[in-house]
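A.B. asks: Residue strings, one per chain:
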Amino acid sequence: MTAAVLFQNVSRHFGRIRAVDGVDLEVAAGEFFAMLGPSGSGKTTCLRLIAGFEQPDTGHIEIFGETAEGIPPYRRNVNTVFQDYALFPHLSVLDNVAYGLRMRGIDKAARRREAAEALALVKLPDYGGRRPAQLSGGQRQRVALARAIVNKPRVLLLDEPLGALDLKLREQMQEELKALQQALGITFVFVTHDQGEALSMADRVAVFNEGRIVQVGAPAEIYRRPRTRFVADFVGSSNVLPPEFTERHGGGRRWSSLRPEAIVIATAAPEGSGPGSLAATVLATYYHGATTRIVAEAEMTRLNVLVPASAGLLRPGDRVWLTWQPDDLHAMEDHA
Amino acid sequence: MSAAAEAIRPPRDGTLGRLSDFLWRRPGLFLLLMLTPPLLWLGIIYVGSLFALLLQSFFSIDEFSGLIRHEFTLKTYAELLRPSNFDIIVRTVSMAAVVTLAAGVIALPIAYYAARYARGRWKAAFYLAVMLPLWSSYLVKVYAWKLILAKEGILNWLFAKLHLTWALEALLAIPVIGGNSLSVSYIGTFLVFVYVWLPFMILPMQAALERVPGNLIEASADLGAGTGQTFRHVVFPLALPGIIAGSIFTFSLTLGDYIIPQIVGSSRLFIGQAVYAHQGTAGNIPLAAAFTVVPIVIMGFYLWVAKRQGAFDAL
Amino acid sequence: MRSDRTGRSGRSPLMLKLAAGAGLLFLHLPILIIFVYAFTTEEKSYQWPPPDLTVKWFAIAWERPDVRDALWLSVRTAATATAVALVLGTLCAAAVSRTRFFGREAISLLVILPIALPGIITGIALRSAFSLAEIPFSFWTIVLGHATFCVVIVYNNAVARFRRTSGSLIEASMDLGANGFQTFAHVILPNIGTALLAGGMLAFALSFDEVIVTTFTAGQQATLPIWMLEELVRPRQRPVTNVVAMLVVAVTFLPILAAYYLTRDGDQVQGQGK
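Protein chains in written order, with the numbering used here: chain A, 1251 to 1586; chain B, 3 to 317; chain C, -19 to 254.
So that you can see chain A by itself, here it is in the shape it has in the complex (with noise of 0.2 Å):
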C-alpha cells in the first residue's frame, strides 16, 4: 500500500538554521500521526513542507505516491488546521466553510449544504450565520477543523490545534478529534509539543529535534522504549540515569531510563536484595491528586517515584528502598 505521506531525505535550511536536515519519514494511509518535538525542532516546517507553503531544498516528497515538491498548495489535496485558526474574518461561518468548494467550482446550492453538513459534523450546526469574531476559542477551533474536512483532503495537518484551548476543552477535543478520525478514514497528521497529547491521540509519534527525528514508533514504544536521552528527557518525565548506574544494576554501560511508577517502593528492605533493589533516601513528596511524586535519593543518584496516593505517608528523611523488574531499566543508544 502506497504511504500517505512519503519524505526521501528531505531537508529546508533557512540561512544557516537547518529546521528539516535529512528527514525520512512515512506516514500510512489511514493513520493518525502525531509529529512531537520542542519549538524549533522542525516538525511545523514538516508540516508545511507537506501542505505545500514550504519547497524543500533537496529530498523528495510524495503524497499518495505522486511527487508533490513543486506543486503549489492550492493544488494539493491536503488541507490544514491552522494553529491560529486562520478563519476569514469577512466571511460568515457557513461561507468559511463553503470557501474550499468555492474555489473548486462547486454550486452554491450543494456548497451550502455539504458545509452545514459539516458543520453539524463538529456539533456546530446552527453557527453558521455567526461572523468568526463572535465565536469562542474553542467554536473556532471547529470552524477551522469543518473548514478542512469539508474538502474531503487526502490528509489533514493539524498545526497544534488545541494549544490555544484550556485544560478542559483540550481533553474533550482530544476525544472529538480521534473519533473524528476514525470515522472520516482521513490520514491526520498532528504537530503538537504536548507529549501526553501525542501519547493519547496518535496511532504512531515522530519526535523531533534540531531538525531530525530521534525516534518513530507506537506511543507505548516510544514510552517505554526511548531511543536517545533525549526522548525520554521529552516524553514523560523519566529517570534518565548515568552509565555507571545502568552498569551497576545489570544493564551495560549506557544511559538508561527508568519510568517513575515502574518503581516500588518500600519502606522495610525486601528479603535477599536482588539487582534490582536500592537504599535511598527520602528527600521530598509532592501531592498530585490521584499520585504522589516521590523525590529520592540513592547512590548519589536522584529518582523520581510515583506511587498511588493511598500509599503510606512518607516524609522527607525517611529510609526507604526502591525495587523495580529488571526489564524496566531500558538501557538507551547514548553512550558513556
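No lab work stands behind these hints, which were simulated from the structure alone.
Keep in mind that a hint or two might mislead.
[As the list claims (entries may be wrong)] When the alpha-carbon atoms are kept at most 30 Å apart in a straight line, the in silico DSSO-like pairs for lysine-lysine are as follows: (1) B:Lys125 - C:Lys(-3); (2) C:Lys24 - B:Lys153; (3) C:Lys36 - B:Lys148; (4) C:Lys(-3) - B:Lys77; (5) C:Lys36 - B:Lys153; (6) C:Lys24 - B:Lys77.
[To be verified] Examples of chain A residues toward chain B, derived with CB under 7 Å: (7) Ile1313; (8) Phe1314; (9) Pro1322; (10) Arg1325; (11) Arg1404.
[Said to hold, decoys possible] Have a look at the derived ranges for each label pair, beta carbon to beta carbon: (12) B:Pro13 - A:Ala1383: 33 to 43 Å; (13) B:Ala221 - C:Pro29: 44 to 54 Å; (14) B:Leu57 - C:Arg78: 48 to 58 Å; (15) B:Gly230 - A:Asp1376: 34 to 44 Å; (16) C:Ser146 - B:Arg121: 23 to 33 Å; (17) A:Arg1462 - B:Pro215: 35 to 45 Å; (18) A:Ala1383 - B:Leu35: 30 to 40 Å; (19) B:Ala221 - A:Gly1265: 40 to 50 Å; (20) A:Gln1432 - B:Pro13: 28 to 38 Å; (21) B:Pro13 - A:Ala1429: 33 to 43 Å.
Note that the structure is predicted; figures quoted are calculated from it, not measured.
We put the beta carbon where it would ideally sit given N, CA and C, even for glycine.
Fit chains B and C to the given chain A structure using the hints.
C.D. replies: Structure of chains B and C alone, referenced to chain A:
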C-alpha cells in the same frame, strides 16, 4: 467519502491558473514584478530628479551671459555664505526653531490630555479634532490668518474691544519682530507657522505619551513625587521620542515653506522663497539647487539625531 | 482601565484641561472664521464683524468659469493621482509586508522621502527634471508630482492593515484550493479594502489641496489651490475667494471623516502625511 480522489490536482485550465502556478514557483520574480512599478516611479523618476537637482548645485551661472556653465565647481555653495544669502539661512533656521518650540508647548497639554484622560467617545473626538485641522486645506488655513491678521480683521477688532490696542502697538514697536501691522511682521509669520504645523506636533506626541504605561505614573506618585516631579522625571523623558518626532515635522515643514512668509510677513526672504525666486525669475537654477541642499543637510542631521533618540518608533 | 477612573490619576488637573481646551480652540476658530466670511456682504476689505450676511456669492462663484475650470482640473488631478497611488502604494505595501527581502528598509525610506523632504524640493527637482528632459507642462506633469507624494498615504494605510491581517489567511486560502488570483480577489482585497479606501480618500484630499509642488509642475494651468494662491497674493475677488475657501474645507473634510470611520477599529489613519 471518495477515498479515491487524487492527492494532487491537475493544473487549472486558463491563463490565470497557469500564470498563478508560474509565479508561485518563482517567488523572486513575483516580488520583482510587484516592486518594479513603484520602484520605477519613485526610484527612477523621483530620486533621479533629486539627483539631477543636486548635480546642478555643482554647476554655476555665468554672471555676464546668465547661462549655466556645466562644469563642476563649488562656487555656488560659496555664494550661500555671502551675507545676504547667509542671513536668509539664519532667519529660516531661527524661525523653524522658535516655531518648533512654541508648537511643542501648545501641543503638550492637548496630547497629554488626549493620551491620559480622554476615554471612549472623547478620545475619538480629540483625535478628529486634531485630524481635521491637520488635513484641512493648507492654503485655506493661511488665508484664514490673512483675514484674522488684517488691519480691519478680527484680531485688531478684538484688541480694540478689550481696550488693549496699546499693548498690540507696544508689541509691534519691538524692533526686528515688530512691524507696521501683524500681517507684515515676523510675529504674524510665526503665528501662522505655529498654527499650520501644530497638528503635526500633537499626533506623534500623543502617540508617544500613550505608550507611557499608566502604572509608571502611579508608581511615581506612589513614591511621593508631585505632579510636576512626575512630569519632569517620568513623563517627559518617556515622551521625548514623540516630541522629537513631532519636531521633525514642524522643523522640516518650516524650513521648506515659501508660501506663508510670502503672504503673511515682512518682505525679507526665507529659504523657500529664495529657492523659488532663484529658479523662477532669476533663472539661477544652480543657486536655487544649492539652497535646497541646506534644508536637506539640516534635516539629515536632525533625523540622524532623532534616530539615535529612538524617535522613529513614534512616527 | 479601572485605575484611571478611580484614585488620584483619574481627575485631570484644571490647568491641563484649560490649556488643552485653549489649544483646541486655537486650532479650530480660524477655520470657523472662514465660514463666516463666506457670507459677508463686504467686498473690498476683510472687515470684522461682517456688516451683513448674504448667500449671493455662492451663485456668483459657481458662475465663474475660472473657478469652475480650476475645480474641474483639481478633481481630475486628484482622482488620477489617487488611482496611480493606490496601485503603486498597494504593490509596495504587499511586497514589503509579505516577503522578507534585502532592501525593505530602503524601500520604506524611498516611499516616505517625498513627504519627509520639504515640498519645495520635490517641486523644484521635478521641474528641473522636466526641463532637462524637455517635457512640456501638462495635466500629466501635475499628476506625476501628486502621485509621488500620495503613494506614501496609501502605502502607510495598507501596510498597517497588512500587519494586522494574519499572515496565515493567505496560506489558508491557498490551502483550500484558491490560486494566487483567487486569493487576491476573495481574501486579500476584502481584508485590505477599507484601508485602501481610506488611504485613497486621504490621498484625494491631499492632492486636491496641494499647492507647493503644483506651482512647479503646473506651468500655466490653475488648479483650485493655485487659483487661491493667486487670489491670496493679489486679491481681486475677495468674496469669491471666501466661498472657494469654504468649499475646499468642505471637500477635504468629508473624505477625512469617511477615512476615519473606515479604519477606526484598529489601525489609526495615517495622518502624518503632508
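A.B. asks: Does each hint hold? Answer for all of them.
C.D. replies: A quick look at each hint next to the structure:
1. Annotation: proposed proximity of B:Lys125 to C:Lys(-3) holds, straight-line Cα distance about 14 Å (limit 30 Å).
2. Taken as a hint, the C:Lys24 and B:Lys153 pair is honoured in the structure, with Cα atoms around 13 Å apart against an allowance of 30 Å.
3. Between C:Lys36 and B:Lys148 the alpha-carbon distance is near 23 Å, which keeps this suggested pair within the 30 Å criterion.
4. This hinted pair does not check out: C:Lys(-3) and B:Lys77 have alpha carbons roughly 55 Å apart, beyond 30 Å.
5. Our distance criterion of 30 Å between C-alpha atoms is met by C:Lys36 and B:Lys153, whose separation comes to about 25 Å.
6. Of the supplied pair hints, the one linking C:Lys24 and B:Lys77 is violated, its CA atoms being roughly 48 Å apart against a limit of 30 Å.
7. Contact between A:Ile1313 and chain B, as hinted, is supported at the beta carbon level, the nearest pair being about 4 Å apart and thus within 7 Å.
8. A distance limit of 7 Å between C-beta atoms decides the matter here; for A:Phe1314 the minimum to chain B is near 4 Å, and the interface restraint holds.
9. Checking A:Pro1322 against chain B: minimum C-beta separation of about 4 Å stays under 7 Å; hint holds.
10. For the restraint placing A:Arg1325 at the interface with chain B, the shortest Cβ-Cβ distance is roughly 5 Å, inside the 7 Å limit, so the hint holds.
11. The beta carbon of A:Arg1404 comes within 5 Å of a beta carbon in chain B, closer than 7 Å, and the hint placing it at the interface holds.
12. Checked against the given bound of 33 to 43 Å, the beta carbons of B:Pro13 and A:Ala1383, roughly 36 Å apart, stay inside it.
13. Between B:Ala221 and C:Pro29 the Cβ separation comes to about 52 Å, which falls inside the hinted range of 44 to 54 Å.
14. Between B:Leu57 and C:Arg78 the beta carbon distance is about 36 Å. The supplied range of 48 to 58 Å is therefore violated.
15. Hint check: B:Gly230 to A:Asp1376, Cβ distance near 60 Å, so the stated range 34 to 44 Å is violated.
16. A hinted range of 23 to 33 Å holds for the C-beta pair C:Ser146 and B:Arg121, which are about 29 Å apart.
17. Between A:Arg1462 and B:Pro215, the C-beta spacing of about 44 Å keeps the proposed range 35 to 45 Å intact.
18. The supplied range of 30 to 40 Å is met by A:Ala1383 and B:Leu35, whose beta-carbon atoms lie about 34 Å from each other.
19. Checked against the given bound of 40 to 50 Å, the beta carbons of B:Ala221 and A:Gly1265, roughly 42 Å apart, stay inside it.
20. The hinted window of 28 to 38 Å between A:Gln1432 and B:Pro13 holds, with their beta carbons roughly 34 Å apart.
21. Restraint check, B:Pro13 to A:Ala1429: a C-beta distance of roughly 37 Å satisfies the suggested window 33 to 43 Å.
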